[in-house]
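The residues making up each chain are set out below.
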Amino acid sequence: MMRPDLASYKLNPSFAAFFRYRPVGDKIVISNYEGSYLILTHDEFKQFAEGTVAPESALYRALDEKNFIRETYRVADAAAQLKARKHFIHTGPNLHVMVVTLRCNETCIYCHASRANMDAVHTDMTKETAEKAVDIALSTTNPFVTIEFQGGEPLVNYPVVQHIIEYARERNKQLGKLLEFTMVSNLSLMDEERLKYLLENRVQICTSIDGPEKLHNAQRKLPTMDAFQKAVHWIKRINEAYGEMGLDQTLYHVEALMTTTRETLPLWKEVVDTYVKLGCRALFLRPVDPFGFADRTRLRIEYPRSAYLDFYRKAVDYIIELNKQGVQVLERFASIFLTKILRGEDPNFLDVRSPAGSGVGQLAYSYDGKIFTCDEGRMLYAMGEDTFHLGHVDTHTYRDLVGHETVRAMVIASNLEGQPDCVNCAYNPYCGTISATNHKSQGSIFGRMRDNNVCAVHKGIQDYLFEKLGEGDPDVLEIFDRWTTVRAREHFIQELDAPAPDAAS
Amino acid sequence: MSARELRFHRDIYAGEAVDEAVKLFSGFADFELREQDDAWIVSLTAKNPAQQTRLCGEFSNFALGLTIQRGGSE
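These protein sequence lines are chains Y and A, in that order. Sequence positions in the first sequence follow this note's numbering and run 28 to 532. Sequence positions in the second sequence follow this note's numbering and run 75 to 148.
Looking at chain Y on its own, in the form it has when it is part of the complex (with noise of 0.2 Å):
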């Protein structure tokens, strides 16, 4: 990374409108508040500090268009672009995570959810506890609503996710909200009658792939060590009932999630061509957080982040040259950077976002009936730091819980324009922290970035994106654009006029 000389330069202050810059490669990143961002030469940056770029040069159009020069700038268009970036910022949270149980019949290394045994049968959310999670869910000024059953595994808790699923049905006929159920599940508790019901009320299955099979069996551990066949099973055989319905199986499919542990590092290629032999088409390679398990097993697991950005690095090297041969197959990270990067638009990823979800973006209800302001602030209750414990579904009402004192103190806390370092971030317009991983890694919800992992991450990720961007491979360009390119799931929403879906069915 080659750093402009500044002191050698004779700044004009008067040229350029407000802007933060970052040496990228041999080029420099620069981009303004609203989030339009040019990649300039050492020379045009140089020029462009100092005020001496020609008002008939292509430089200065790029500038002038992108709303770089202070003359010309154009604040109702800058309006417009920062309202349509920050759209989630009026809106309540549309993420509620139910936590059906603590119980798993997995045990994952790293495991961030507290998982319990299988006996444990006092971490199963009742019936009562879920309808209040269902009010308080639905009560959201939000017009999307996602529950999302999570676990342990939930499974684990049938009966459960099917009473939320048809409670919560009913109950949105009089409220008329965009309603969607996903469900995470390692998947080894399907069966047939389950995935019938589940595809016929529409809920969208997530589960984890780690990798090739030796790694995803040694690290998410059945008794019967055949995780990795099962889960695989189970993508097919979903993916196949997609077909047989009649759906888009580009758009519909299930969407499989990974954790990057210190063994899946060398194996990046391996784990690609698993992906892309299940047929997925995304994968995100998500580095291990410091919640559960994983803290107490981190010596065995955890790696410097500069190991992870080396693995990102090759994988999505990769990736790119699977889709220059026609696999359509994209990263996760990539495409919610490049979302915000390319299109000005925010995916909404409650993590990479600012102010970050926490509270505002999504609740999450443990099976108790415990309230926490997202599943990282529940884990941290697991953990024994209750922090982010914002209420009980028994007592607090919707207002309570998205106003309250703690959720206050992390929108401001992952607003990144009042963050050290990231306010003179090129990166801050598609950026985000988040407060609970701080708090667990920095004790101080506001973190400090220069030694932050998720900081390192983020960067890391957007300095190889920059990278290409400034490269200008024409089919690289292509590739990117695509992986911004965001289609609707719609046959997730249920439908309103539905009939009351039936638990025998």
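There is no bait here: all hints are sound.
Just a few of them, taken from the derived set where beta-carbon distance is under 10 Å, the chain Y residues facing chain A:
| id | residue |
| --- | --- |
| 1 | F415 |
| 2 | H466 |
| 3 | S471 |
No lab work stands behind these hints, which were simulated from the structure alone. Quick caveat: nothing in here was measured; it's all calculated off a predicted structure. For glycine and all other residues, C-beta sits at the position ideal for the given N, C-alpha and C.
Following the hints, position chain A against chain Y.
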């Protein structure tokens, strides 16, 4: 008019900031203060009932601002 209970977690809010906010807002509301192991609990009753919700919001924001000015909860 019933009091509204506000819960300022000690990991996030400075006790001195909460106290200072109480002093400043005491012209507009009656306060009762309690301490728990992990939080400062403030019960707020607005002198003008119509202002209860707004006062709770403004008071919380003020306590947060004072905490940030102090550089955090420590």
